[in-house]
Each structure stands twice: as structure tokens, then as C-alpha cells.
Amino acid sequence: MTSSLREAIAPLWRDNMALAQFLGLCPLLAVTTTVVNGLALGLASAAVVVIASTAMALLKHALKPAARLPIALLILAALVTVIDLFSEAVFYDLHAKLGIFIPLIVVNSGLLVHAENVASRRSVGFTFLSALATGLGFLLAFLALGALREIVGHGTLLSDIELLAGEGSRGMTLELPVGGMLVAILPPGAFFGMGLLLALRNRLTTKPPADQSSSGIRR
Amino acid sequence: MASAEGHWALTTVAAAALAAAAFYAVHAAYDWSDERIAANERARVVARLNSVLEPALRGRDLTTTLLAITDPELLGSEEPVDVFVLTDRGAPMATVFATVAPHGYNAAIDLLIGVAPIGTVTGVRVVRHRETQGLGDAIDTAKSDWMLQFDSKALTAPPLELWAVDQDKGSFDVISGATVTSRAVVAAVKNTLLYFEQHRDDLYARAAEAAARGRTNEP
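Chains as they are written, first to last, in the working numbering: chain G, 1 to 219; chain S, 1 to 219.
Simulated from the structure, these hints should not be mistaken for lab results. No residue lacks a Cβ here, since even glycine has one placed at the ideal position from N, Cα and C. There could be a bad hint or two in this list.
As the list claims (entries may be wrong) - If you only want the chain S side, here are some residues facing chain G, beta carbon under 8 Å, derived:
{"#": "1", "residue": "G6"}
{"#": "2", "residue": "L18"}
{"#": "3", "residue": "A20"}
{"#": "4", "residue": "A22"}
{"#": "5", "residue": "V26"}
{"#": "6", "residue": "Y30"}
{"#": "7", "residue": "R36"}
{"#": "8", "residue": "N40"}
{"#": "9", "residue": "A56"}
{"#": "10", "residue": "A116"}
{"#": "11", "residue": "I118"}
{"#": "12", "residue": "T120"}
{"#": "13", "residue": "Y204"}
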């Protein structure tokens, strides 16, 4: 794998927007009471960052730096409005549950940083890949926190999937033999879940202490 | 060939083109979704109306007349509240009030209350609420059967002085941990029945008059 490719897909895990850079936490913590909520907002956010960042990369040479931010906001606002209207027309009940958080994708700091920072410095291809990785990485955080809170809080997985995938998918909802621990779906549960996810991520990404002691201290 | 820093001329052209594209995209999305969203809203109201009718009337081809009635004291809102009078060839079959319970725990609770011509409750459903998840949200029939206790109750059964939650020596169950929510809903149902008792003939007359003017819609 070339270093450029590795850098482009870093937002998937190593530089994950939510779990490593702590950006876009407000919608992440607010809507992830179920996997389906997380999936819907994660997909919408991913679509927005891919389209907006790629458009900004295409315009890179045309724009004065001072004009980049307002134009990025213009693109984001138009995109999000279209997605908001589309989801209200097609996924009416799900749209009602997500409420204000679809329009608020406009001001998701992580997406704006990507559309402004990466897109202004890198090629169109790199930006597209990196935006895809950012979107999928964000979606991953949504799904992980949504699954954790839904399993612990509701004792189900994929409840309300029919709101997103149609009546035929109703059977995909799993009833798990665990009791509902209410706190998981209340706001504090979002922070507990986020803390657990961060701890897990740190555990997976930090080098074992043995490496440091062998390189640092010699006996 | 533009420099990496861009030109103001190019920037202006790009911004104008983007603004036009954004305008067109949002406009097209609005045109496409407007009818669909309105249809979704109608379908939701009709589905909800059915849910508070007595089972024998559900799905019957009744004429629905929509009245807008303002009565802050009994219907809970300073704004006009939707009241649906359902008739079958001129004979009143049911009345459905979109009553507001103003004193919910976090915000007003929007209810739908079906009342039979003899003044009994045929069903109560919550349309929109912001009660605490896991506690007050038991008013949602998807979460618990609490709302069903109002079925076939009337101002005489139980007697008016017993229209309160059991905690206040009334005859209605209280949701444990959500006394405020329970009180708000019981009071709203009671007030709606009071309104119906005082204005029944007037409601039916207004519905007949509106029907004669052709201001009806078939659900």
C-alpha cells in the first residue's frame, strides 16, 4: 500500500473523525439510541462529505482561499436541504425521529474541516477517497455506538429497520435475551457508551507497554 | 491557466454558478418532495384517526369534516386545534380531537382523542411528545398499554371527581416515575370530554354546515 493511499484511508480508523478527532460528536451522541437511527444519519453524513469534498476539490484552482469557506457552506447547505426534503418524502417516520439532526449536518464541523482542509490541498482522487473514508469512519462510529446503546438499552438490534428498508425487512429485527438497561438510551448513556468505545479503541491502537519498557529502560 | 491561489474573477463566476446550481437543486427537490410529504402527512393523520375510532368504524368510508377550534382552557392550546367530525350520510359517527396536553413534563403533549356520539372515549393516542425516554414515553402505545385504560370511559364513568390519577385519589393508573405526564394526559382527556359535552350539538351543526359547503375530504 502506498503511503498516499494509506493517508487517504486513515480517517476510516486511525484518524476517525468521531473516535480520534472528536468532531461531530453532537449528532453522534444525540441520535444513536438505535442502530437504525445511527445508520440513517451516518449514511446521510457520508453522502454529504463525499459530494461536498469532491466538489470543493474540483473547484480548488478556481477559488480564492478567502472564498472557500462560504462556498463550502453553500454546497453543504444545498446538499443537506435536498437530503432533508428527500428523506421527509421517502422515509417520513424515520425523518420525524431524527428531527433537527438532518438539517444540522450542515454545521458538522468534521465534514466542514474535510471539505475545506483536505479538498483545498490534495488531488480530486485523493479527496474523494479520503472523503469516502471519513464518511465510512463516521458511519462506523454511529453504528458501533447505536448498536451498543440499543443492545444494552432496548435489548434489541435493528428495531425500526422497516422505516429505512421497507416492510419486507421487519424480520431483521433481533430480540435479544438481555434486559433493558434504561440508562443506555438516556443522554448519560451516550457518554458512557462513547467512553467505552474510546477505551476499546485505545486498547486496540496503543502499543503494548512491553515495547516501551524494552526500548526505554535497560536493565 | 489559473494559479493555485485562484482569481477573484474565476471565484465570482464559480460562486455564481454554484449559487444557481444550489438554487435549482433545492427548488427541484422541493417540487419533487412537496406532494409526497403532504401525502405522508395525510396518511399519518388518517392512520391515526383510525386508531382512535371504535373498531367497528375503522376503515369505514366515513365523511371527515375538519374544524379548527380554539379553546385554550379545555383543548389546551392558544392556537386553533384540529377537530375531525366523522359522519356517515349526515349522521355523526365519531369526533376526533387533536387536543394538546399543555403540562407535559418537558413540553406540551399532542394527543388524538376519539369520542363517540354518546360521549364515551373510543381511543386516545399520543401524536407527538417529548416525555422522558423509558419513563413518560409509556404514554406511547408502542411502549405500553397505559393509554388503553381510557377506552370506553366517559364523564359519568368514572364519576367526574374520579377523573384523576390514583395517586390523587382518582381512578386512573399512574405511570410510575411519570406522575406529571400521567396527570397531564388524564386532565387533557377529561377536558376534551367536557368540551364535547358542552359543544356537541354546535360541533355537529358546524360539521353539517361545512359539509353542505363542500369543505370535506374523504380520507
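Restraint satisfaction for I118 (chain S) [CB to CB of chain G, less than 8 Å]: violated, 34 Å
Holds or violated: is there a CB of chain G closer than 8 Å to the CB of A116 (chain S)? Because about 29 Å separates A116 (chain S) from the closest Cβ in chain G, which is outside the 8 Å limit, the hint is violated.
Does Y30 (chain S) hold up as a contact with chain G if the rule is Cβ-Cβ below 8 Å? holds, 6 Å
Hint status (Cβ of Y204 (chain S) to nearest Cβ of chain G, threshold 8 Å): This hint is violated: Y204 (chain S) lies away from chain G, its Cβ roughly 33 Å from the closest one there, beyond 8 Å.
With a cut-off of 8 Å on the beta carbons, see whether A22 (chain S) makes it to chain G. holds, 3 Å
Grab the minimum C-beta distance from V26 (chain S) to chain G and call the hint holds if it beats 8 Å, violated otherwise. holds, 5 Å
Tell me if the interface restraint on N40 (chain S) is satisfied: Cβ within less than 8 Å of some Cβ in chain G. holds, 4 Å
Under 8 Å is the threshold here; is the Cβ of A20 (chain S) close enough to any Cβ of chain G for the hint to stand? Cβ of A20 (chain S) sits 11 Å from chain G, so the hint is violated.
Minimum Cβ distance from R36 (chain S) to chain G below 8 Å? holds, 4 Å
Hey, does the G6 (chain S) contact hint survive, CB to chain G under 8 Å? This hint holds: G6 (chain S) lies near chain G, its Cβ roughly 5 Å from the closest one there, short of 8 Å.
Tell me if the interface restraint on A56 (chain S) is satisfied: Cβ within less than 8 Å of some Cβ in chain G. For A56 (chain S), the interface hint is violated, since the closest Cβ of chain G sits about 26 Å away, which is over 8 Å.
Grab the minimum C-beta distance from T120 (chain S) to chain G and call the hint holds if it beats 8 Å, violated otherwise. Violated, about 30 Å.
Hint violations for this structure: numbers 3, 9, 10, 11, 12 and 13, all remaining hints satisfied.
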